[in-house]
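A.B. asks: What follows is the residue order along each chain.
Number of protein chains: 2
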Amino acid sequence: MKATVSAAILAIGDELLSGRTKDKNIGFLAENLTLAGIDLKEVRIVPDEEPEIVAAVNALRARYTYVFTSGGIGPTHDDITADAISAAFGVECRHDDAAMELLGAMYARRGMEFTEARQRMARMPVGARHIPNPVSTAPGFVIGNVHVMAGVPQVFQAMVAAVLPTLSGGVPVQSRSVRSHFGEGDIGTPLGEIQKRHPETSIGSYPKFDGQNFSTEIVVRARTPEAIDAAITDVEAMLADIAARKVAPKPD
Amino acid sequence: MKATVSAAILAIGDELLSGRTKDKNIGFLAENLTLAGIDLKEVRIVPDEEPEIVAAVNALRARYTYVFTSGGIGPTHDDITADAISAAFGVECRHDDAAMELLGAMYARRGMEFTEARQRMARMPVGARHIPNPVSTAPGFVIGNVHVMAGVPQVFQAMVAAVLPTLSGGVPVQSRSVRSHFGEGDIGTPLGEIQKRHPETSIGSYPKFDGQNFSTEIVVRARTPEAIDAAITDVEAMLADIAARKVAPKPD
Chain A
2 MKATVSAAIL
12 AIGDELLSGR
22 TKDKNIGFLA
32 ENLTLAGIDL
42 KEVRIVPDEE
52 PEIVAAVNAL
62 RARYTYVFTS
72 GGIGPTHDDI
82 TADAISAAFG
92 VECRHDDAAM
102 ELLGAMYARR
112 GMEFTEARQR
122 MARMPVGARH
132 IPNPVSTAPG
142 FVIGNVHVMA
152 GVPQVFQAMV
162 AAVLPTLSGG
172 VPVQSRSVRS
182 HFGEGDIGTP
192 LGEIQKRHPE
202 TSIGSYPKFD
212 GQNFSTEIVV
222 RARTPEAIDA
232 AITDVEAMLA
242 DIAARKVAPK
252 PD
Chain B
2 MKATVSAAIL
12 AIGDELLSGR
22 TKDKNIGFLA
32 ENLTLAGIDL
42 KEVRIVPDEE
52 PEIVAAVNAL
62 RARYTYVFTS
72 GGIGPTHDDI
82 TADAISAAFG
92 VECRHDDAAM
102 ELLGAMYARR
112 GMEFTEARQR
122 MARMPVGARH
132 IPNPVSTAPG
142 FVIGNVHVMA
152 GVPQVFQAMV
162 AAVLPTLSGG
172 VPVQSRSVRS
182 HFGEGDIGTP
192 LGEIQKRHPE
202 TSIGSYPKFD
212 GQNFSTEIVV
222 RARTPEAIDA
232 AITDVEAMLA
242 DIAARKVAPK
252 PD
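The listed protein sequences derive, respectively, from chains A and B. Everything in the first sequence is counted per our numbering, starting at 2 for the first residue and increasing by one. Everything in the second sequence is counted per our numbering, starting at 2 for the first residue and increasing by one.
A portion of the hints provided could be inaccurate.
Claimed, not checked - Cβ pair distances, simulated, as ranges:
| hint | chain 1 | residue 1 | chain 2 | residue 2 | range |
| --- | --- | --- | --- | --- | --- |
| 1 | A | Val179 | B | Thr225 | 29 to 37 Å |
| 2 | B | Gly170 | A | Gln155 | 32 to 40 Å |
| 3 | A | Gly212 | B | Phe115 | 21 to 29 Å |
As the list claims (entries may be wrong) - Quick list of in silico lysine-lysine cross-link-like pairs, BS3-like style, CA-CA up to 25 Å:
| hint | chain 1 | residue 1 | chain 2 | residue 2 |
| --- | --- | --- | --- | --- |
| 4 | B | Lys247 | B | Lys209 |
| 5 | B | Lys209 | A | Lys23 |
| 6 | B | Lys247 | A | Lys209 |
| 7 | A | Lys247 | A | Lys209 |
| 8 | B | Lys23 | A | Lys209 |
| 9 | B | Lys247 | A | Lys25 |
| 10 | A | Lys209 | A | Lys23 |
| 11 | A | Lys209 | A | Lys25 |
| 12 | A | Lys23 | B | Lys23 |
| 13 | A | Lys25 | B | Lys209 |
| 14 | B | Lys209 | B | Lys23 |
| 15 | A | Lys23 | B | Lys25 |
| 16 | B | Lys25 | A | Lys25 |
Rather than coming from a laboratory, the hints here were simulated on the basis of the structure. In this text, a Cβ means the ideal position worked out from N, Cα and C, and glycines have one as well.
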């Protein structure tokens, strides 16, 4: 199963690495990219430290079609993503005129002071395009193939919704799954043979443990329903064959 | 705030990148490392592809005190972590005698066949030490500074419990937090000044959004309670000062 359009996610924030905040953005975007036919190939989480962000962004943007970042675009001293992305691209980071206008108007409407800290949220690399933020106004931005989005999940999700229609997706990967009472120990070897016979599919097996017993979910992914059906037929035959040879199914 | 003992997590598995499985191991281990005084500095998620796993393991093990991996040590064809770790260390991957005995005895007790697929779970790099698995027997392993653990959360957590006492921890980071009605736009600039005055602390601010309003949690981390108290005193004075200057607090 060849990747056509590839992507990486870079989540930025000390709070993710300390375990204080449990990330919700990676799984959300992963699912949405899969639906759009874009293969997520790598995820990294790095701290709020400019050299770390710069190194990760430059490694990922050279390698994948798209890069998506989350976090570090708020108004406080530890929000350094705009600076780090600018440094990665070797361009100046400055207050964007259109973003200053959007934010200034929003705070004016709400009778709030447009403080120096709030103005920080208008900073972005020169030449970047906005990603609209319908939740709290302060925009994300796109420069090159890098999409810079907020870390707060509600804002991140709204930005993803704005960005997805702008991406060139591939043929979406479809999947079908079969639940097996047998453990991976019973199905492992024949499943490996089925994978070899169906190179245009990607077959995964996922053990589940309910506190007492393991069972297995077998998932076949491919870009055509015909490829999926052919592999599923072989998987079902394999399971029937194991069942016929056992008195009773025993999970791993 | 200087790191003393550092760590990275490498989560392995196509199912994490497709969004089919939402990772639960990263946040769990992150929290436990923080409690042990070990600074988690980087996380990566890579697919079940040997060159990707090898490159990530070699990059991370050269850079951090400890590396922890999750996933890919089951009995099926897509479980290639033992091979990849062996390749990364340039040593042979083979069936470990002690692991074969453990697994053989367990399947014999349960009257189950010790299939070729199940025997795969005894494979590890030559010279590796076991990480015990009280949940489902098949051991994880340690080679050099790399700890290889299962992806199933119940098994992963049991392995983490076995591994943690073997690590040399640093001085644990402690934290205290203050909730603020003010948005980051109000507190951003003075909070940056407080951070500058207290370099031995790490001050983070985390916006929360309840669907209508933003509030902010200010978290001060340091390795001594004195350092935390001194910074918190300044944070509380700053919040009182903003409150005195406003008729009513307004969130961002």
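A.B. asks: Failing hints, ascending?
C.D. replies: 1, 6 and 9
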